[in-house]
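Let the hints inform the model, and build the full structure from the sequences given.
If you read the protein sequences in the order shown, they are chains P, D and H. My numbering numbers the first residue of the first sequence as 3 and each following residue consecutively. My numbering numbers the first residue of the second sequence as 5 and each following residue consecutively. My numbering numbers the first residue of the third sequence as 51 and each following residue consecutively.
These are computed hints drawn from the structure, not numbers from a lab. Hints may contain errors.
As the list claims (entries may be wrong) - Ranges between beta-carbon positions, derived for each pair:
hint : chain 1 : residue 1 : chain 2 : residue 2 : range
1    : D       : 36        : H       : 374       : 55 to 61 Å
2    : H       : 478       : P       : 210       : 56 to 62 Å
3    : H       : 296       : P       : 66        : 28 to 34 Å
4    : H       : 288       : P       : 63        : 21 to 27 Å
5    : H       : 468       : D       : 330       : 39 to 45 Å
6    : P       : 124       : D       : 36        : 21 to 27 Å
7    : D       : 111       : H       : 570       : 44 to 50 Å
8    : H       : 580       : P       : 27        : 47 to 53 Å
9    : P       : 93        : H       : 516       : 37 to 43 Å
10   : H       : 178       : D       : 88        : 31 to 37 Å
11   : P       : 27        : H       : 239       : 43 to 49 Å
Said to hold, decoys possible - Think about it this way: if two alpha-carbon atoms lie no more than 30 Å apart in a straight line, the pair counts; the simulated DSS-like pairs of lysine-lysine are:
hint : chain 1 : residue 1 : chain 2 : residue 2
12   : H       : 358       : H       : 309
13   : P       : 161       : H       : 309
14   : D       : 90        : H       : 402
15   : H       : 463       : D       : 90
16   : D       : 85        : H       : 444
17   : D       : 85        : H       : 443
18   : H       : 208       : P       : 59
19   : H       : 293       : H       : 246
20   : D       : 90        : H       : 465
We put the CB at the ideal spot given by N, CA and C, even for glycine.
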Amino acid sequence: MIKIIAGRLLQLIPVLWIILTLTFFMIKVVPGGPFSAERQATPEVIAQLNAYYGLDKPVWRQYLGYLSKVVRFDFGPSYTYQSESVNEIIGRAFPISLQIGTLAFCIALVIGVTAGVIAAVNKNKLLDYLPMSISMLGICLPTFVLGPILALVFGLVLKLAPVSGWYGLNYVPLHPAVMPAITLGFFYAAYIARLTRGGMLDILNQDFIRTARAKGVPEHEIIFRHALRGGLLPVVAFLGPCFAGLISGSFVVEKVFNVPGLGQEFIKSVFNRDYPLILGTVVFFGALIVIFNLVSDVVQLLLDPRSRK
Amino acid sequence: MAVAPFAAPVPVQAESLERGSSLWRDGWLRLQQNRIALFGLWTFMLIGIMCLGGPFFTGYSYESTEISLRASAPLERIVLKTEFRKVGEPRESYLALSSLEDEFLGQSPAERRAIIERVENGNEFREGNAAYRLSNQRHVFGTDPLGRDLLTRVLIGGRISLAVGFAATLVSIVIGVVWGAVAGFAGGKVDTVMMRFADILYALPFTVIVILLMVIFGRNFVLLFVAIGAVEWLNMSRIVRGQIIALKNQEFIEAAISLGLPTHRIIFRHLIPNVMGSIIIYTTLTVPNVMLLEAVLSFLGLGVQPPLSSWGVLIDEGSRTMETSLWLLFFPAVFFTLTLFSLNFLGDGLRDALDPKSSKD
Amino acid sequence: MNSEGAPQTGKIISSLRSRQEQRRLGQAVKTVIGLITVLFAGFLVWKFVRGAAADRSSYSLTLREANRNKILLMTVGSEPRTLDPQEAQGVTEHHIIMAMIEGLVAPSINDQATAVPGMADRWEHNDDYSVWTFHIGEDRKWSNGDPVTAEDFVFSYKRMLTASFGAQYAENLYILKGAEEYYKGKTRNFDDVGVKAIDEHNLRIELVGPTPYLLSLVQHDSWLPVNAKAILKFGNIDTRDTKWTHPGNYVANGPFIMKTWRPNDVIEVIRNPLYWDAANVKLNGINFYSIENANTAGRAFQAGQLHKTDQVSLDKVPYYRRVHPELIRIDPSEGVYFYRINISRKGLDNPKVRLALNLAIDRDGIVKNILREDQKPATGFTPPGMGDYTPLKKITYDPERARQLLAEAGYPKGKGFPKFTLHFNTSESHRAIAEAIQQMWKEELGIDVTLENQEWKVYLDTQNSMNYDISRSGWIGDFIDPVTFLSMWTTGNGNNNTHWANSKYDALIEQAARTGDPKARLDILHQAEELFLSEVPVVLIYWYTNTYLLRPAVQNWYPLVLGNHNYKYINLKDELERAK
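Here's what the structure looks like:
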């Protein structure tokens, strides 16, 4: 086990390096530069800025220069937040996305697994269709629709949560992370519910369950002790990408609730061609995703001895 | 009781012959018994047909604007305004009855009400060189802010959404299942390399990839679903790989291997059908994901070009005007939701029908 | 076979082991799920309790408290990229910087065309407006205690014109004598540039030509002073992007100083006690919130988090005008919305065609039905409000004449007219207008145009590299004078981008720059615009308005065409206000 984990962590380095290199060359090919604006600056100014940020050197030299800084964990200055470095930006924005992501993850996991188990156990009855239909709603309602609806109801009407911002909003009871987390979490809860139900049904159809029932094992023992472990397998496989997706894909909720998280920063940096910030966030997210996939695989191994060699 | 050794075989009734049955045939028979799944199937086909042929029958165009009409409510009465000009044809434009008042803001509220009542009762009202009369236009779903019939827009949008949804999902299934199965079955180094490759692709910024592709190949509609499909397969491969790994150590696979079956046969004939249930479930989760992804792309300016639209774009536009024109959100959302519900019920039904073990129930 | 039996036994044993493991692992899973549930519940409770029992620190305000404490809560749009006046580019940055840094003169309370004393308490100019002298008031101070001197302005302009600094609007200062040569390195000595500190309190500005509108010009960011000590603490005169703009380091001479800066959330400024006119400053502070999404900003306003927004989403405008007219403001603004035409493309190279395209558009319809903010259909390029300059009325809605012109150009009823594409950047309103115009051209002229929306940077690239047929554009004036709208159309100007070049036009603009008599000068500019509109390398659509939500508690917020308000005049009425 330790060997597997260590091996995968070591693999992180070449993986991140590939991500970095691919992204670097991709964004150089995309048209539009960081300094174009509706009111064009004179060519001298643009040349000056390109020289200052090293963008006038040949691409290979830029790449190597950037690599040498990254190795020292220095991701460079940002072109849009002109007095902050990329490290500082990630440092202030990520904790916010993390809070929302973690809360959403918990919501998604708890609601999703519970709903999925209930549905699987009561297959084809009301307790199956009801949670599954509500979860369907969660998938069909995009976050950019659910978000404003929740903001309307809980923010404007009930005055329980803030509709915008992150700091200094102490006059409403709910923390600004709650509504974005619910919006995001609802979506993933639906996914997890369906996966749980599917996995549980697969297991519940198997012979060893039948045997257990025939032996008179009580139903709740069958569900929790025997079926759940195997039934959760597809969910566990999904958890890695789920958590990573929650953190990096929170862009829409961050925009709707105007929360200064890293998802928004990333999308804005792409549209502003802020190369260092794009690269910094991509590498950062890449590392997160790889680590979470590792965690998910390890948990999978733990839960299913069949998949061990 | 001697049996004639070479007696002619007794002719057997055709019905009592057991027809050779395959997994798929059994599945289809079972599916027909699942009423909810059938409901899903028929609803989905109905929506599909409406989207394909409907726009021809509504009588309205999805693209020609009528900006004076603005966003009129469903079934609201429409007023025809004819302006007589000194030179040339009189100019015709349409107004919603509720915005008729705005034409006469110079007059007192009482006068305005009188005018509106007159027109409402079917009479013509003339003022200056303009004549106002009720028209026969009816918009079942109302109109969008540019005066285009929403029903037609929703049906056209459906074509795009469904096309993108299925094409992209197909791409992602093909790539994802094969990738995940090969990786899961082969194990070892091959598995590691394949999954690391998937990790890398997953961590790449999706927006940048799409912008890049859009730029190199132009704003190609086909490209849109190739791009989306190429990103969606990653999750599918993960799920499939997980299931394959769990299955490959089971006895029936060992048997197949020891029988000397070629690898591709094992993978395609024995492993994948057993994973079918998860694939189908995940497919029915992928289609909505793809459709939503397309909506986000359009929202970022990278999707379908106006005047074409998709359900995602219509829902996005509708959610912005939620408080003033709820129908702009309601109807596309209903179609979208209904389609996804149907696909899901169908998917569940297929899953139940195709699972060889559930026949024992 | 026996060999089969052995694996069989092995399997039983291993399955036995695994059953134990199964039990343990099953318990593990249950525990994990239980833990997560407890964690989640605790998380929510903690947040809830924390929220309810929180302290009411100075930046947690309801409207009522804000009114009582005289803190103005407003949005400015997106997050500012910098608050360094010499690096700033946009309107957002300007509106925040203005609260903290005051230039030679400042906007008056209700007329954007007049100026009131800023750092300068009196000024004079020669007959033809080419040499100005400003007297810096003796009581003007920086927030670090330093007195404001003429040398501060010299330093600031030098910084702006130092090429290695890379100020993006350096060319705004080319109007100073010798500035362009200094910037391009032709002269090395900054003394050759037309700005001198005659003594501590007298600043002499020499311009390349008559500049009657200088008072409006020097209010722009590029002319604002910075404190040399504060800058040099973090680098040299040409060091970019330092932390001098952060709270605690920022040195201001205006009514407010920076208290906090939370990126993408809020910038708080509070009263500057060392401001020379602090006694007349009514507000105690301003919170600038950065909210990009118009709907979110609207909700924040309704929830009582804001006094003022900077925009209103299109579909809410009729609602506010009808139901809450006291909350919505629609002010005329210094901007024009137009389409650039690439006149090198076949078909678009004929001025008759371009005029036809203009005449076929029902601007009233667009303004009334799509925009609904009382924008004015553009009849010329320069909008009204530019001082004494009367806008031209050349472009109207005349589809008959448009068809005639098109036929004269050789494309009767649009037959044979090449297809072209209309580019615009992604936005709901750009798309709506473009679709309406696409329709109008089709119906009135029989011309087919495809629409293409592009992401912002790609769109800018397309426009700047002139890789387009017709491209949506906007232009906002920097100061109160028509030349801010007309100088961009000279041959080869970086903001022309249409291939239009007319030497007569260039000559007229140059002549205006040499004319000392303000009235004569405006006449010449008039002629230039007439010429421009007769060849019309653009499609004119409308003149901007500034639409926003504003609570009645805010006092003295007059409609100003540049939207540049002198914050020292703004006040808040202390009254009970219900949110919404």
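To see whether the hints hold, each was checked on the structure:
Between residue 36/D and residue 374/H the C-beta distance comes to about 58 Å, which sits within the given range of 55 to 61 Å. Here the CB-CB span from residue 478/H to residue 210/P is close to 58 Å, well matched to the stated 56 to 62 Å. Between residue 296/H and residue 66/P the Cβ separation comes to about 32 Å, which falls inside the hinted range of 28 to 34 Å. One distance hint, 21 to 27 Å for the beta-carbon pair residue 288/H and residue 63/P, holds here, with the actual separation near 24 Å.
About 43 Å separates the C-beta atoms of residue 468/H and residue 330/D, a value consistent with the hinted range of 39 to 45 Å. A hinted range of 21 to 27 Å for the beta carbons of residue 124/P and residue 36/D is consistent with their spacing of about 24 Å. Distance hint check: the CB atoms of residue 111/D and residue 570/H are about 47 Å apart, consistent with the given range 44 to 50 Å. Take residue 580/H and residue 27/P: their Cβ atoms lie about 51 Å apart, and the range 47 to 53 Å holds.
The hint said 37 to 43 Å for the Cβ distance between residue 93/P and residue 516/H, and at roughly 42 Å that hint holds. The given range of 31 to 37 Å is broken by residue 178/H and residue 88/D, whose C-beta atoms sit roughly 56 Å from each other. Judged by the Cβ atoms, the range 43 to 49 Å given for residue 27/P and residue 239/H holds: they are separated by roughly 45 Å. Distance hint between residue 358/H and residue 309/H is fulfilled; the C-alpha atoms sit about 20 Å from each other, no more than 30 Å.
Taking the CA atoms of residue 161/P and residue 309/H, the gap is near 28 Å; set against the 30 Å cutoff, the hint holds. Simply put, residue 90/D and residue 402/H have alpha-carbon atoms about 24 Å apart, close enough for the 30 Å limit, and the pair holds. Between residue 463/H and residue 90/D the alpha-carbon distance is near 21 Å, which keeps this suggested pair within the 30 Å criterion. A distance of roughly 28 Å separates the Cα atoms of residue 85/D and residue 444/H; the hinted pair therefore holds under the 30 Å criterion.
With a C-alpha separation of about 28 Å, the suggested pair residue 85/D and residue 443/H falls inside the 30 Å cut-off, and the hint holds. In summary, the hint linking residue 208/H to residue 59/P is supported, as the alpha carbons are separated by about 28 Å, within the 30 Å threshold. Only pairs whose Cα atoms come within 30 Å are accepted, and residue 293/H paired with residue 246/H is accepted, the gap being roughly 29 Å. Restraint check for residue 90/D and residue 465/H: the C-alpha separation of about 26 Å stays at or below 30 Å, so the hint holds.
Consistency note: the structure conflicts with earlier hint 10 alone.
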